[in-house]
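Each chain is listed here by its residues.
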Amino acid sequence: MDQDSGVASGGSFISLNEHEQRYYSGLHSLCQADTSGNLSSGRVAELFKASQLPPGSLHKVTEVCGAKRLGYFGVPQFYVALKLLAAAQAGLPIRLESVTANLPLPRFAELKNEPEMWHSAGPPITESQGGQSGTAPGSVSWAPSDRSTFRHPEVSLEKKESWCPLRSPSSSPPPSPLTYCSYLYSKQRNGADSQITYEGKPSSQPMSQLEQHSSPSNYRTKPTVEHLTAAGASSAEQLEQQGVVDYSDDDPWRITEEQLEYYTNQFKSLQPDLGALILGGVAKNFFTKSKLPIPELSHIWELSDVDRDGALTFFEFCIAFHLIVARKNGYPLPESLPRTLRPEFMQQDESVPETPESVEHLIVFEDAEVRPSQMDQGIIKRIQPSYSTTKQDLKEESCRQDASLKRVTTSQEKRTLQLDAFPRRPEPPQELEPQMRTRTRPRSYSSTSVEDAMKKAEEPPTPPPRPQKTHSRASSLDLNKLLQQGAPGVKSGWLPPPPALPPRPSTSQVPHFINTPEKIPLNKVQQPNFADFSLFKEEEENNVKSEERGLHRFSPSTEDSPNTSKQDVISVHHNQAPQKPIRKKYHAESQNQDAIPPPAVSHPPTAKPAPKLLSRQRREIQMAIRKNKETNAVLTRLNSELQQQLKETPEQCLSVPSSVG
Amino acid sequence: MAVCIAVIAKENYPLYIRSVPTQNKLKFHYTVHTSLDVVEEKVSTVGKSLGDQRELYLGLLYPTEDYKVYGYVTNSKVKFVIVVDSSNTSLRDNEIRSMFRKLHNSFTDVMCNPFHNPGDPIQSKAFDGIVSGMMVQTG
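Residue numbers (UniProt numbering), protein chains in the order written: chain A, 1 to 661; chain H, 1 to 139.
If we strip away everything but chain A, and leave its shape as in the complex, we get (with noise of 0.2 Å):
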């Protein structure tokens, strides 16, 4: 199959490298080819422009590849171009024979990370490749029939399981509008070990190390398609994601230093000696918090129960739980235990935690862990929508970063926020945005978060926040305690029509009182008290002898004797002075009330004069329906605020199901 490697042109053969293969074959899924293998001539001039040529050489190379010619960007036309780029980038001349030369890779800008990931793994190995361009055409032959099989999505099962052994060396890219960069990274960097270790062999034998390369691989994916097979579903999402699985399926199964971190404290949680076993019915209850379905569960405790004594060991435990984690993070149950995850495997780890090979070992799986968490998003919409835009931004982030600690944790949180789908379920939504933050801290947090998560699904899941205690309840209690305060006042109120009444400057001082500044929190308990003895304020204030009368009145002690009126003054200054804190709108009467009891004092002797009974009925009514009136106005404002509220709990009605389910 000459069909990419030769050019349209000229028919003539250009030989590519294994490593300038997978290259374009990267910037070939990079411009996202449709079915018909053409690229979409947007993104090729994306990348043209990347490379950072002038647009006339830019030009120039695509008539001379021959896209200009056809009109589209076909793969050969592709790859002639990218040759013709890496020309001009070296300096010659850009002409097919240009072609033919030794060239390095082409460089491109800003193509999110990859360009400067290639560049440092790119040179030693063109070096090594040196010797291996018989390897050329027999790894170009192979790119093709990979990518014949992306272009159709309904692939059958025998060309995925032929495609598999093809993948490792030549790194083409899953067919997965996902970001690329990582993808490709990685993809390219486990092509570059294939390519190392393959270094130094004969040409002649690279299939059959292939074939040992990619036959745990292979075993692999044949239960995975066995099983997505019989979960009868077609979707391409289900055949990228197998796609990826095989290629990746060390990874999303292998136990990171912080998963493991994690387990450990959960078993030490369940059982404090790690070198004892959890018995099988403390297990069942463990895991069944976790809230998978009872089958699943039980297939993974065939899985994992390695020893099959109904116990679990440390590492039987980390297995299970990395399967949940995994299974709740959609990726389809493994038929059997998948070879990074068993337990002599595990237990290799285990001996090395601290050492620099397990920094490496976590810097190969944050690149590829990125795409699980990818893949979670692209595939499985189970996780709320919130999180799925939190690993979004996360993955973002650690696209645009180069491969360095910040990414470690990144991805780390990222698993941890697969960790946290796992307790997060039955909590409600508020205590989303807490834990959310709490993800955005460094690594040595996010752990004991996510156990105090844990430690929160044990319990019964706390209630939605009560509405704030404003005055939904208290209200209710005030207006009965007002309306019975009021009842007695209209009660007594409750004379015959009085003659005319002397203009109330009462209304003009109610706005007033309303406009000062609220300083104090209103106490509803004292309300009651407020209406008594801020009509005792107002009537002082018209009248200072009608109030000393109402002094006499409203007392609590209501005596009518002067002698005591004196007391009532004091009583009720008493009463009031314990109050001051609290007032909120009577706040100016306070003041007022302050420099009235002194002449309210002065003069109680003249507190008899003769038309007392009118005065009083007077007084009453007054007092009455200023009461009235200083109900209306605190129902007026409950009324507010309850409507505020009731605006609020629809929202938040409607957030519960939204986040729950």
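Don't read these hints as lab results, they were simulated from the structure. Any given hint could turn out to be false.
Said to hold, decoys possible - The calculated DSBU-like cross-link candidates involving lysine-lysine, where the alpha carbons are at most 30 Å apart (straight line), are:
(1) H/Lys-102 - H/Lys-125
(2) H/Lys-125 - H/Lys-68
(3) H/Lys-68 - H/Lys-10
(4) H/Lys-102 - A/Lys-284
(5) H/Lys-125 - H/Lys-10
(6) A/Lys-289 - H/Lys-25
(7) H/Lys-125 - A/Lys-60
(8) H/Lys-25 - H/Lys-77
(9) A/Lys-284 - H/Lys-25
(10) H/Lys-125 - A/Lys-291
(11) A/Lys-284 - H/Lys-68
Unchecked claim - Computed beta-carbon distance windows for the label pairs:
(12) A/Arg-339 - H/Tyr-13: 37 to 45 Å
(13) H/Asp-120 - A/Glu-46: 55 to 63 Å
(14) A/Ser-336 - H/Tyr-13: 40 to 48 Å
(15) A/Lys-291 - H/Thr-64: 42 to 50 Å
(16) A/Thr-649 - H/His-29: 53 to 61 Å
(17) H/Lys-27 - A/Ser-336: 57 to 65 Å
(18) H/Gly-133 - A/Thr-288: 42 to 50 Å
(19) H/Gly-119 - A/Ser-336: 37 to 45 Å
(20) A/Thr-288 - H/Asp-66: 40 to 48 Å
(21) H/Lys-125 - A/Leu-642: 20 to 28 Å
(22) A/Lys-268 - H/Arg-101: 33 to 41 Å
(23) H/Cys-112 - A/Val-656: 55 to 63 Å
(24) H/His-33 - A/Ser-336: 29 to 37 Å
(25) H/Gly-133 - A/Gly-281: 24 to 32 Å
These numbers were taken from a predicted model, which means no experiment stands behind them. For every residue, glycine included, the Cβ atom is placed at its ideal position computed from N, Cα and C.
Go by the hints and put chain H onto chain A.
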């Protein structure tokens, strides 16, 4: 190679029954059911004579013109029944015993699974796998 494999609970209801799909399943269900009587008979006679030591493998329960039925009972009175094609004469007793042993092992693994409630139908993939391995491979 078995044609039908069944696991029957102590209360004589099937926990697991699986037969070669080409054959009439109902026929096998009926056969297994009738074989239970024979099992009971064997168990009762053996129990009386030997006391606690009981042979788990019951051997050929009864032959019919089409097939042979073998039985095996565990200590918890769970019965395994294997129906074998009569034409398949190459199967020796030892092979049948080994089949039963495998079944028993697999069954204990299922029982050890804390997520499995005894008395529920067996839904273990591992168990299914072993049974499939023993069944006649039909094209």
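Hint by hint, here is what the structure shows:
Our distance criterion of 30 Å between C-alpha atoms is met by H/Lys-102 and H/Lys-125, whose separation comes to about 15 Å. With a CA separation close to 27 Å, the supplied pair H/Lys-125 and H/Lys-68 stays within the 30 Å bound. For the given pair, H/Lys-68 sits about 22 Å from H/Lys-10 by alpha-carbon distance, which is consistent with the 30 Å threshold. Restraint check for H/Lys-102 and A/Lys-284: satisfied, since their Cα atoms lie roughly 26 Å apart, inside the 30 Å limit.
Distance hint between H/Lys-125 and H/Lys-10 is fulfilled; the C-alpha atoms sit about 22 Å from each other, no more than 30 Å. Restraint check for A/Lys-289 and H/Lys-25: the C-alpha separation of about 39 Å exceeds 30 Å, so the hint is violated. This hinted pair does not check out: H/Lys-125 and A/Lys-60 have alpha carbons roughly 61 Å apart, beyond 30 Å. Annotation: proposed proximity of H/Lys-25 to H/Lys-77 holds, straight-line Cα distance about 24 Å (limit 30 Å).
With a C-alpha separation of about 35 Å, the suggested pair A/Lys-284 and H/Lys-25 falls outside the 30 Å cut-off, and the hint is violated. Between H/Lys-125 and A/Lys-291 the CA atoms are separated by roughly 20 Å; this keeps the pair inside 30 Å, and the hint holds. Taken as a hint, the A/Lys-284 and H/Lys-68 pair is broken in the structure, with Cα atoms around 40 Å apart against an allowance of 30 Å. Distance hint for A/Arg-339 and H/Tyr-13: a CB-CB separation of about 40 Å, consistent with the stated range 37 to 45 Å.
For H/Asp-120 and A/Glu-46, the hinted distance range of 55 to 63 Å is satisfied, since their beta carbons lie about 58 Å from each other. With their beta carbons about 31 Å apart, A/Ser-336 and H/Tyr-13 fall outside the hinted range of 40 to 48 Å. With their beta carbons about 49 Å apart, A/Lys-291 and H/Thr-64 fall inside the hinted range of 42 to 50 Å. The hinted range of 53 to 61 Å is satisfied by A/Thr-649 and H/His-29, whose Cβ atoms lie roughly 58 Å apart.
For the hinted restraint 57 to 65 Å between H/Lys-27 and A/Ser-336, the CB-CB distance of approximately 34 Å leaves it violated. Against the hinted window of 42 to 50 Å, the Cβ-Cβ separation of H/Gly-133 and A/Thr-288 comes to about 31 Å, which falls outside the hint. Distance hint for H/Gly-119 and A/Ser-336: a CB-CB separation of about 27 Å, inconsistent with the stated range 37 to 45 Å. In this structure, A/Thr-288 and H/Asp-66 meet the distance hint of 40 to 48 Å, their C-beta atoms being roughly 46 Å apart.
The hinted window of 20 to 28 Å between H/Lys-125 and A/Leu-642 is violated, with their beta carbons roughly 58 Å apart. For A/Lys-268 paired with H/Arg-101, a C-beta distance near 39 Å keeps the hint of 33 to 41 Å intact. For H/Cys-112 and A/Val-656, the hinted distance range of 55 to 63 Å is not satisfied, since their beta carbons lie about 40 Å from each other. A C-beta distance of roughly 35 Å is found between H/His-33 and A/Ser-336, which places it inside the suggested range of 29 to 37 Å.
Restraint check, H/Gly-133 to A/Gly-281: a C-beta distance of roughly 31 Å satisfies the suggested window 24 to 32 Å.
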